[in-house]
Amino acid sequence: MCFFGCEQAQVDEATRKVGQESHEESVTTPTIKEPVLGFSQLGSESEWRLANTSSIKNSAVESDVELNFQNAEQSQEKQIEAIREFVKEKVDVIAIAPVVETGWEPILKEVKQAGIPVIIIDRLVDVTDPSLYVTYIGSDFYEEGRKAGKYLLDKIPKSIKSVGIVELKGTEGSTPSIARGKGFRDVISSRSDLQFLKSENADFTVAKGKEVMKKFLQEKGREIRVLYSHNDDMTFGALEAIEEYGLVPGKDIVVITVDGTRKALEKMNEGKINLVVECNPLLGPNLIQAVKEIVKGSTLPKRIVTPENVFTQVTAQKEIASRSY
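Its first residue numbered 1, the sequence shown is counted upward by one per residue in my numbering.
Keep in mind that the hints were calculated from the coordinates and are not lab data.
Treat the hints with care, as some may be off.
[Claimed, not checked] Heads up, simulated BS3-like pairs for lysine-lysine below, C-alpha to C-alpha not over 25 Å straight-line:
1. 78 to 112
2. 112 to 292
3. 112 to 150
4. 109 to 292
5. 155 to 318
6. 90 to 302
7. 296 to 33
8. 90 to 112
9. 112 to 302
10. 182 to 302
11. 318 to 251
12. 182 to 150
13. 182 to 215
14. 302 to 292
15. 182 to 155
16. 208 to 182
17. 150 to 161
18. 161 to 215
19. 88 to 296
20. 251 to 208
21. 33 to 57
22. 214 to 263
23. 251 to 150
Quantities reported herein were computed from a predicted structural model and do not represent experimental measurements.
Start from the sequences, fold in the hints, and give me the full structure.
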């Protein structure tokens with residue numbers, strides 16, 4: 001007969017097994033560390049940029065990636081400072097949306113020496129050593145310019161009279177400003193009647209777009225038949241200037257813009273914009289997936305280009321409701 005002695009032995013054995021099971025569970029389910037992404041965003045100058053930032057932040061939260069976000073406010077110096085801080089913090093991956101193309105080689109060499117992989121997003125960097133970054137994720141800005149040029153060739157029949165064009169460019173030295181201008185020119189160069197009257201940087205902002213377009217109109221007036229604007233925000237400012245001058249945008253002046261925000265499609269639906277070339281800001285899912293692949297040790301293509309469309313006044317209406325930015 002055991003009574004209390006047997007019962008105590010059974011309790012001790014049960015306790016030992018529970019302890020053993022708890023130990024085994026703790027060994028087989030270790031805590032997985034979230035990858036840390038340091039992201040230097042070039043600024044918040046436009047609706048497109050705000051949508052781009054939101055896409056990246058939301059994707060990071062949804063995918064359990066810790067995001068260290070820094071807004072450089074259009075300053076390359078601030079971007080370089082932020083990148084050095086990311087290196088000190090020993091983040092897993094650094095992503096950069098570069099404000100301009102040049103001047104990145106020294107800081108990227110520092111990052112490479114620290115052993116941290118780099119993703120270039122939205123805009124390109126001009127470096128002699130392509131191994132300084134893993135991949136580029138973004139648009140084909142040159143092709144966007146070509147799409148705009150092809151539309152203009154179809155829109156305006158060849159004439160013995162010159163057709164005056166004005167151009168609102170973005171930030172000087174930035175990839176979209178360079179490539180959108182070149183793509184457009186390469187296409188329309190086949191037509192001698194299509195002539196540039198004025199071309200000026202307007203920094204991708206509404207205020208600057210209006211200011212520069214107002215100056216164009218004061219200098220060239222009704223000679224202006226076409227406006228080619230490198231982004232929607234500059235276009236919105238230009239539309240105000242055109243209407244204040246007494247002309248009808250979309251009719252007196254053919255208006256071509258790049259981005260594809262909801263507001264641009266609404267303006268197109270009102271007849272004020274003739275063509276929108278899409279530049280997709282929703283790069284967050286692609287970026288975060290690339291971060292995860294890099295952390296796993298996977299190989300990525302050197303360039304990941306996002307698919308994009310063009311919208312005319314005929315197709316704009318059905319796109320407005322589904323636009324998230």
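Hint check results:
1. 78 to 112: The hint holds at about 19 Å.
2. 112 to 292: This hinted pair holds, its Cα atoms lying about 19 Å apart.
3. 112 to 150: 41 Å, violated
4. 109 to 292: Holds, at about 23 Å.
5. 155 to 318: Cα-Cα ~22 Å, so holds.
6. 90 to 302: 24 Å, holds
7. 296 to 33: 13 Å, holds
8. 90 to 112: 12 Å, holds
9. 112 to 302: Roughly 16 Å separates the two Cα atoms, so the pair holds.
10. 182 to 302: 22 Å, holds
11. 318 to 251: 22 Å, holds
12. 182 to 150: Since the Cα atoms of residue 182 and residue 150 sit roughly 13 Å apart, the hinted pair holds (cutoff 25 Å).
13. 182 to 215: Distance ~23 Å between residue 182 and residue 215 Cα, so the pair holds.
14. 302 to 292: Distance ~16 Å between residue 302 and residue 292 Cα, so the pair holds.
15. 182 to 155: 20 Å, holds
16. 208 to 182: Distance ~22 Å between residue 208 and residue 182 Cα, so the pair holds.
17. 150 to 161: 20 Å, holds
18. 161 to 215: 24 Å, holds
19. 88 to 296: 22 Å, holds
20. 251 to 208: The hint holds at about 23 Å.
21. 33 to 57: 19 Å, holds
22. 214 to 263: 21 Å, holds
23. 251 to 150: Distance of about 19 Å is within 25 Å: holds.
Hint 3 from the earlier list is the only one contradicted by this structure; the remaining hints agree with it.
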